[in-house]
Amino acid sequence: MMNLKNLFPIYRNQPNLVYLDSTATSLKPKSVIDKLREYYEEYSANVFRGIYPMSEKATTEFEETRTIVSKFVSANNSNEIVFTRNATESLNLLAYSLGRKILESGDEIVTTIMEHHSNFVPWQVLTSEVGATFKIIDIDNEGYLDLKNDKLKILKQIVTKKTKILTLTYVSNVLGTVNPIKEIISTAKSINPNIVTIIDAAQAVPHLKIDVQDLGADFIVFSSHKMLGPTGVGVLWGKERLLREMYPFMYGGDMISEVYIDKTIYKDPPHKFEAGTPAIGEIIAFKEAIKFLNKVGMKNVNEHEKILTKMTIDKLNSTFGEEIRIYGPKNIEHHNGIVSFSFGKYHPHDISQILADNGICVRAGHHCAMPLHTRLNLPATVRVSFYIYNDEQDVERLIEGLKRVKKMLKG
Amino acid sequence: MNIYQDIILDHYHHPHNQGIISGRSVEVSNPLCGDKIKMMINFEKDKVKEIKFEGVGCVISTASASLLTDYVKNRSKQELKKLDSKFIIKLLGIDLGMNRIKCAVLPLEALHKLLV
Numbered sequence: 000m001m002n003l004k005n006l007f008p009i010y011r012n013q014p015n016l017v018y019l020d021s022t023a024t025s026l027k028p029k030s031v032i033d034k035l036r037e038y039y040e041e042y043s044a045n046v047f048r049g050i051y052p053m054s055e056k057a058t059t060e061f062e063e064t065r066t067i068v069s070k071f072v073s074a075n076n077s078n079e080i081v082f083t084r085n086a087t088e089s090l091n092l093l094a095y096s097l098g099r100k101i102l103e104s105g106d107e108i109v110t111t112i113m114e115h116h117s118n119f120v121p122w123q124v125l126t127s128e129v130g131a132t133f134k135i136i137d138i139d140n141e142g143y144l145d146l147k148n149d150k151l152k153i154l155k156q157i158v159t160k161k162t163k164i165l166t167l168t169y170v171s172n173v174l175g176t177v178n179p180i181k182e183i184i185s186t187a188k189s190i191n192p193n194i195v196t197i198i199d200a201a202q203a204v205p206h207l208k209i210d211v212q213d214l215g216a217d218f219i220v221f222s223s224h225k226m227l228g229p230t231g232v233g234v235l236w237g238k239e240r241l242l243r244e245m246y247p248f249m250y251g252g253d254m255i256s257e258v259y260i261d262k263t264i265y266k267d268p269p270h271k272f273e274a275g276t277p278a279i280g281e282i283i284a285f286k287e288a289i290k291f292l293n294k295v296g297m298k299n300v301n302e303h304e305k306i307l308t309k310m311t312i313d314k315l316n317s318t319f320g321e322e323i324r325i326y327g328p329k330n331i332e333h334h335n336g337i338v339s340f341s342f343g344k345y346h347p348h349d350i351s352q353i354l355a356d357n358g359i360c361v362r363a364g365h366h367c368a369m370p371l372h373t374r375l376n377l378p379a380t381v382r383v384s385f386y387i388y389n390d391e392q393d394v395e396r397l398i399e400g401l402k403r404v405k406k407m408l409k410g
Numbered sequence: 000m001n002i003y004q005d006i007i008l009d010h011y012h013h014p015h016n017q018g019i020i021s022g023r024s025v026e027v028s029n030p031l032c033g034d035k036i037k038m039m040i041n042f043e044k045d046k047v048k049e050i051k052f053e054g055v056g057c058v059i060s061t062a063s064a065s066l067l068t069d070y071v072k073n074r075s076k077q078e079l080k081k082l083d084s085k086f087i088i089k090l091l092g093i094d095l096g097m098n099r100i101k102c103a104v105l106p107l108e109a110l111h112k113l114l115v
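Chains as they are written, first to last, in numbering that gives the first Met the number 0: chain A, 0 to 410; chain B, 0 to 115.
Honestly, the hints are just simulated from the structure, not real lab data.
Among the clues, some could well be false.
Heads up, simulated DSS-like pairs for lysine-lysine below, C-alpha to C-alpha not over 27 Å straight-line [as the list claims (entries may be wrong)]:
1. 72/B / 51/B
2. 35/B / 409/A
3. 101/B / 406/A
From just these sequences and the hints, can you work out the full model?
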């Protein structure tokens, strides 16, 4: 099993740390932190402005990240990569700039019950403003999207010629379910060739090899901070034709080409969507995160997480038996790096607090997926999630921690 | 300091004033963690004669409800209206992080609604 902890400085500063909340945000390797420091200490100028060397250096480094991101997801070219603040902003950008452009009264937007609030609320609001219909794909009892029988039959009942947008997550941030995105997109497009497909890949790009050409989607969104990179950087990948047709998002700063008293001409994508000074240092350092992942290899990242996920599910079941209830698919091939569970009658907040007192970081709550928890008839769950720096000891410490929870609360 | 002190755990395992009475009642909840408390109360003139609660909650909200319902008996509406989150923290006698204060004050929210 890979041991990469020594490349993450936080483990030196917090030797007792068991970090099991990478779905919320990942830890950062030294190379990313060093690159951030390099920008701030050596060439901290604005981009696209100065003729002087420092600004040119910053601009070159900044645009180099765009190229590296575009190669990482196999985009056609770097003009298809828009930098935002996070995946949430990328989705809101789409609701605003694309949704308002193409959605009319009587149209439909289709999403799923397992979405993060970020891929649910913007569309709920948009459809209600426009007078369109908001349709939701359900899940089955095992946590799969309810469309696997009879070749996506349910999808064929939900997606119609009136469906302008299909937007869904690649990997559930609670259940860990890996959705069959490619099949869903091709089925949706066979029903309605004009449908625009959006994939929330915030929990997928950090963990799986993503090839946007192969997926067949029109847009994908993800966040730097969940894939070893700095906070404050999100990505929107979109087909260039669609990016050109969309409205701008915010106005001013770098997105302008020419301004007259009576009109303004905007830059071409991606800069059309990047108003104002971006998170320059963070975007520059983001490429070091991708280099790190490329060095490890996405196949190895995925294998590593699978081993830990399986180990955790097996140990939870063998140690606590009936008291543990794990949500999401039983088939580990469809279950990615996330284990959400209930434990006896113990409250998730008490469980996570007692674990925290023992240096173990997990998440408790509805994980920004309240419609899903309502569907599961659960107020909250405990969520454990893995990344490349976790190892068997982390799983052992979790199991020991949960034994302590039981000892303390069983009464 | 560990918030799971023996006294807190004791109130969690054996809550005081848990049950149902007929009288004024109110239900409050915290959608973030799913805690739900129903509180029932009867007054004699201006003073609390009896009070009960039921619901689902974490250690902190359950212990807080248990301790608070003990405290309020025979006290006047006037006096109880003044209780705030600082009082609850003192009543529990533990150091709560910013995320758990909400659990602790949920029973107080119910009480305040019954005093209106």
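* Asked: Given the hinted pair residue 72/B and residue 51/B, is their alpha-carbon gap at most 27 Å?
  -> At roughly 10 Å apart (the allowed maximum being 27 Å), residue 51/B and residue 72/B satisfy the hint.
* Distance restraint between residue 35/B and residue 409/A, which requires alpha-carbon spacing of 27 Å or less -> Holds, because 21 Å separates the two Cα atoms, which is no more than 27 Å.
* Asked: Hey, residue 101/B versus residue 406/A, does the alpha-carbon distance stay inside 27 Å?
  -> holds, 25 Å
Hint compliance for this structure: every hint is met.
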